[in-house]
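S.K.: From these two lone chains plus the hints, build me the complex, please.
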Amino acid sequence: MEGAGPLFQMEGISKSYGGVRALQDASLSIRAGTIHAILGENGAGKSTLIKVMAGVVSPDQGQMMLGGNPVQFASPAAAMEAGIACVVQELSLIPELSVADNVVISNPPQRFGLIDRTAQRRIAEQSLLRAGAGDVHPMALVKDLPLSRRQMVEIAKALTRKPRILILDEATSALTASDVSKVFEVLKRLRSEGLALLYISHRMNEIAELADECTVFRNGRNVASFPAGTKSDGEVVQLMIGREYQNVYPEKPTAQADAKPLLEVQNLSWANRLHDISFGVKPGEILGLGGLDGQGQRELLLALFGVLRGLEGEVKIEGKATKLDSPASARKKNVGMALIPEDRKTEGLMLPMSVRDNLSFASLDMLTVRGIVDKTKEAQSIDEMVKLLAIKTGALDSPVSSLSGGNQQKVVIAKWLMRHPRIILLNDPTRGIDVGTKQEIYLLMRRLADQGAAIVFYSTDYAELIGCCDRVLVMYNGAVETELLGDEITEHALISSALHIRPKENQPRERVSR
Amino acid sequence: MTANALPQFIRKADPAVLTAFGCIILLLVIGGIYSRSFLSPEYLLQQLKVASFLGVIATGMMLVVLLGQIDLSVPWTVTAGAMMACAVAAYGPVGVALAIPFGIFCGALIGAINGIGVAYLRIPSMIVTLATNAVAQGIMVIYTGGFSPQDSATDAMRYLATGTILGIPNAAIIWLILGVATVFVLGRTSFGRSVYGIGNRERAAYLSGINTRRIVMIAFAASGALSAFGGVLLAGYASKAAQSMGDAYLLPAIAAVVLGGTSILGGRGSYMGTVAGVILITLLQSILSVMQMPEAGRQITYGLLIILMLLLYGRSPAIR
Chain A
1 MEGAGPLFQM
11 EGISKSYGGV
21 RALQDASLSI
31 RAGTIHAILG
41 ENGAGKSTLI
51 KVMAGVVSPD
61 QGQMMLGGNP
71 VQFASPAAAM
81 EAGIACVVQE
91 LSLIPELSVA
101 DNVVISNPPQ
111 RFGLIDRTAQ
121 RRIAEQSLLR
131 AGAGDVHPMA
141 LVKDLPLSRR
151 QMVEIAKALT
161 RKPRILILDE
171 ATSALTASDV
181 SKVFEVLKRL
191 RSEGLALLYI
201 SHRMNEIAEL
211 ADECTVFRNG
221 RNVASFPAGT
231 KSDGEVVQLM
241 IGREYQNVYP
251 EKPTAQADAK
261 PLLEVQNLSW
271 ANRLHDISFG
281 VKPGEILGLG
291 GLDGQGQREL
301 LLALFGVLRG
311 LEGEVKIEGK
321 ATKLDSPASA
331 RKKNVGMALI
341 PEDRKTEGLM
351 LPMSVRDNLS
361 FASLDMLTVR
371 GIVDKTKEAQ
381 SIDEMVKLLA
391 IKTGALDSPV
401 SSLSGGNQQK
411 VVIAKWLMRH
421 PRIILLNDPT
431 RGIDVGTKQE
441 IYLLMRRLAD
451 QGAAIVFYST
461 DYAELIGCCD
471 RVLVMYNGAV
481 ETELLGDEIT
491 EHALISSALH
501 IRPKENQPRE
511 RVSR
Chain B
1001 MTANALPQFI
1011 RKADPAVLTA
1021 FGCIILLLVI
1031 GGIYSRSFLS
1041 PEYLLQQLKV
1051 ASFLGVIATG
1061 MMLVVLLGQI
1071 DLSVPWTVTA
1081 GAMMACAVAA
1091 YGPVGVALAI
1101 PFGIFCGALI
1111 GAINGIGVAY
1121 LRIPSMIVTL
1131 ATNAVAQGIM
1141 VIYTGGFSPQ
1151 DSATDAMRYL
1161 ATGTILGIPN
1171 AAIIWLILGV
1181 ATVFVLGRTS
1191 FGRSVYGIGN
1201 RERAAYLSGI
1211 NTRRIVMIAF
1221 AASGALSAFG
1231 GVLLAGYASK
1241 AAQSMGDAYL
1251 LPAIAAVVLG
1261 GTSILGGRGS
1271 YMGTVAGVIL
1281 ITLLQSILSV
1291 MQMPEAGRQI
1301 TYGLLIILML
1311 LLYGRSPAIR
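Top line first, the protein sequences correspond to chains A and B.
The numbering of the first sequence is the numbering used here, which starts it at 1 and goes up by one.
The numbering of the second sequence is the numbering used here, which starts it at 1001 and goes up by one.
Isolated chain B (complex conformation) (with noise of 0.2 Å):
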């Protein structure tokens, strides 16, 4: 019985999320050939807390990406929620306690912007996030070009960012319970069966009278959130929020969604796949600049994996 228990388990895996799995074990061992403190606690942590500010906000392109949509306004809405959040802190105690809320406010309505040109007006979402992006990056840039407005994190964001509990990162709890409210949501809500059902076939969910253009404004919406978010959590992690904290963030995230097995043509994924995928990218990423590596050679490497890694997914018997 218990024999039987675990290939059982995995048969029923998706094979992109094990795939991911093992190379992420991959990783670790040949980190931890090249150094033994790749192993150590310490780090692991560290890269775990690290990993939640991208899980964060890959959560929120995993729900567009499901719809068979994209949300390319990432760099700007991380960077948005950032600024918006120290801005408001400036305004007394009030301001202080608002700060965290009123920037994931803000990255809502950019992303309510978004769904509204995606559900409403059919705007392809390629070029209106990417739009909405260019505007975002705008105003942030008048709004902190004729004053300098206050950039430093409150107490609360770096709290959040960086402090521990029972020697835990906040950071990975925060992750931790947006996923399971995620999976929660995706597998046992109507909204999570419709974005599902949006994603296959977006006209039978319309014909099955499921008011399509809210669910897809909605997760927009939560897209945009889930991006300040990040971008709040990153901004308590530096101490303050700077123009372009948001840009290394896109390639990521979507890397992240498709690298756990979610179809970019949507309808398809598990939230599994992408807690695999934002931990293999992050790993990626820091034994990169670990084996010091020039940047140019790095940023080279990076993308060729995961070139590589994809052209891996694409390898598994077509069924005839």
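Excised from the complex, chain A in its bound form (with noise of 0.2 Å):
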């Protein structure tokens, strides 16, 4: 009966938050039994267009149709009500109840006004084993289980739900590998059993491998839609970003400094996560950090900027050994270390503040003149970093939640390099962004370190390792597996490495030391 005509359509959809317009005219189309990708830069209206379908957001012009009737949505469960689920970017579970509680969280199951636990586990069990994370138990705690895990269970959770149409913003983002074609073959099995699904990926294999019809926005229009195969992917990136696509990455110097390291770091260990970890880093590198996600690298670059207790070892700068017991010792002039942390939301800014605050924040000590704030000279460095790294903001004093993903990660990377520092950390820092800012960050890396800062580089993207790194050290369990130079970094001796796999003939470089 629903034949061909398309399951959802909105059109002419705008939104504007206070004078910034996130959709403008903006039409979609979906089928049912069909996956739709939506590409597009941040900033580009994509999240905007999510939260108006999920009824997050109500749009201020234009009309949604659901199976040929309009429809409007008063809040996110009036949305879920007529079948559209949502799997977001940002996780929404509760860290101290269960998988099963959380899975059924919207509608538990009742006996007598209480929450039947045999049914709830049933329920939860079949929804996880739908969602292809069957070997997740559904009575372990959330807060127990890997970020991978967990967004597993978040995709069960919007299953429970039945829904008719499943949104995917940036699901796989957190995933390793294994678990991407895990989730990929649910995906696959979701069309077949007659789902419309709106999929949103900054990975553009993704979208290849899984796609039937894209559809491209920029500046809050969809631009494009075609069927998925039918342009090249530097067709489709000129699209998104409108300018000629030129080669990511930008060229590695080919002779290395012989300088000697400016971070030192001599065997390292922490609880049982981090096992006797030496390498140093000289000015003018980017080391890179790599391997399976969560083998200790984050733990890493948090004891390197003096967060976590109990650490054995030693860490030199420039040759002396300093003692970094908080990010505040980390910051000195003498050490000038600077983190780009994980999770720009939560640990990189503060949300409600005004860009203008978020900028100075980790600058107020040179800002101010025993204690008062020098307004004029943060006025200078604000405006330098804006210019610096083209953050695109429409006043200071608006708040940096109003800024796209993208640019926010510009404030945070911006908030740091306002201090000059010597020695900078970068925890997966293109993790959710658009393939431009992507670039402009890469660019601005190996600039940096062409001045002279010693760059230490985590991602979970091995392309960006590849493009990027003069030396990756691969981490496995908590220790340095192995460490790959100029040449040596390729997919396939960082995915062998990470992997813990050794070749045959065990050659010298199999662990390091020094």
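Please note that the accuracy of each hint is not assured.
What the hints assert, rightly or not - Okay, the calculated bits of chain A under chain B, using three or more residues with CB under 8 Å as the criterion: (1) 123-135; (2) 337-347; (3) 363-370.
Just so you know, these hints were derived from the structure itself, not from any lab.
From the three backbone atoms N, C-alpha and C, an ideal C-beta is built for every residue, glycine too.
M.R.: Here it is as structure tokens:
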């Protein structure tokens, strides 16, 4: 009966926040039984589009049709009722509750007014199985699960509501490669069951593998829709950014400067998570951290930045043993360290505060005279950073939460660059941001290295490590598994050492010391 | 241009602050209808003086609330400040000279203990400040139980609390100076920025290299000192310190801060809002007592009105 007509349609949708137009006369049409990919830079209006569909945001103009009838969603619950479920980038699970509790949280099965725990567990098991996460125990607490498992639970939670349209917003950005392929199988099965899937990702290869239809958004409008596979990656990217797309990675310097390491780590261990790690980073060098997610890379960066208590081993700055026991001591002038944290929303920024206050927040000690902020100096530094990173913001006084994801990330980076750090630690800085901004970050990293900074760069994206780093340490189970230098950094080498597969002829560079 | 200036100014202001000022005008109108003398300058100046005591205490409370914490040790910190100031005055001219600073110092000490508990021992502020309140109460009771220390206020305390300069009550001038200083500290110093930062997202503030523990500690110490200073002024106003003189100040201090639009979760709020909240609470109390409502009815009306006004703020449309 639904035939070939679209299951869901929106037309002329506009939405503004304050003076910023997030969506402008956008339209979209989705058919049942297809996977529809939405592409676009951050700030192109994708997130707003989803929020409109999921009832989180009400549009200023335009109309939506579901199965041929006009619909309006007063709340997320209403959208869910109509059959639109959303798996979002930000995890919406409650850590202190069990997986089963979380999966059925919006509509738990009841008996005599109490939650029927047996039924709840059964429903959860079914949903988890359907989401391809049968290995997750329904009674496990969510806080005990690694990030990638949580994301699978999130998908299971969405499926429990028996949606007709499933929206996945960057749902794979936290997943490991093996989980991604599992999720893909699930998504393909859901498609064959007649669901319409709306898929948003910044990973082009995922879209090429999954999507049937693609729609590209730019500046709040849908600029093109086409069947998947009819355009080359280059053409698609050009549609997204509206300009010619060059080689994304800056050129690496051919010869390494023969300098002494600026940051040196010797036999660093922490609790049961980091084991006997030693390495050095020279000025001008970009050192990558590779490996599967959760092998101690994040802990290593936090340890260097003085966040973790009870470290063993030694950290040397310019050859001098230095005790770093807090971010405050790591950012001091004689150390000059900066950490771009993993989660910009909870660790990098104070979202409700203004762009200005966020930008100067890490440099307050340098911008104040006896504790009083020097407004002129502050304005100068902020101006410099906004220009340096080309941060797109309407007004410096608007809250930083009003910026797009890519621009928020730029603010996080800028607030640290304002201190002119010598050692820069980056914890997956390109996660969930658009291609254009990613490229700007790569260029910036190389420029900072050329100016003499020592950079430690953790990324979950192997292509980035290959493209950006002079040297890569692959971590496994809290220790450095392999060191890859220059041309040795290949996808094959990265993956095999990440998976702890050693070549048969056990070559010398198997475990790094010094 | 000028026609545009006012709406611009109003548009930029926090709606909660505007609501609070609106309520103040409403109260004055109601009072004025009830009795002409409500709008007389003498009455208004008297109210301003009474409001100043609450204003000093609420200033400290606001600092702590901006951090996302709360200070429930206000009642006995106020009392301790007043009693210690009066007591030290018994020790000759040096004691008299040191009375005010010593009272404030005792409050800062209580606040510092709160700060250590919250910042370093990581005890929820609601618990730690309640506990120090109980301890301070115990110490004051022991102190006054055994022998009777001097409990009358010094001349300086009386002058600060009841004197006037050019017809303006000194207490109001003190509040004004304190308010200007607070606005400056919150808006222009790294301490103020850090307070807002910690209130919004402590983790991000810590990872930005802010010494978050020190800031929390200072804020609590300041809150204690300001409560005690409020107590010193109250003792001057009443000419003597008395037990439980601070009991009446906990709820009004919190209510004034929250009615002024400061988020109880921290990170958001302006000092003008707190000023409005303090005046609003003071007028409300005064009008209820002038209307000669029995004590029980006054308490019920007072509590209900605070709930009503908080609901009024909650009605502002959610941004969707």
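S.K.: Establish whether the coverage given for the region 123-135 of chain A by chain B is satisfied; the threshold is a Cβ-Cβ distance below 8 Å, and no fewer than three residues must meet it.
M.R.: Answer violated; 0 residues pass the 8 Å Cβ test.
S.K.: Are there at least three residues in the region 363-370 of chain A whose beta carbon sits under 8 Å from a beta carbon of chain B?
M.R.: This one holds; 4 residues, not fewer than the three required, reach chain B with a Cβ under 8 Å.
S.K.: Check, residue by residue, whether the region 337-347 of chain A contains three or more positions whose beta-carbon lies closer than 8 Å to a beta-carbon of chain B, and give the verdict.
M.R.: holds (count 4)
When held up to the earlier numbered hints, the structure conflicts with hint 1 and nothing else.
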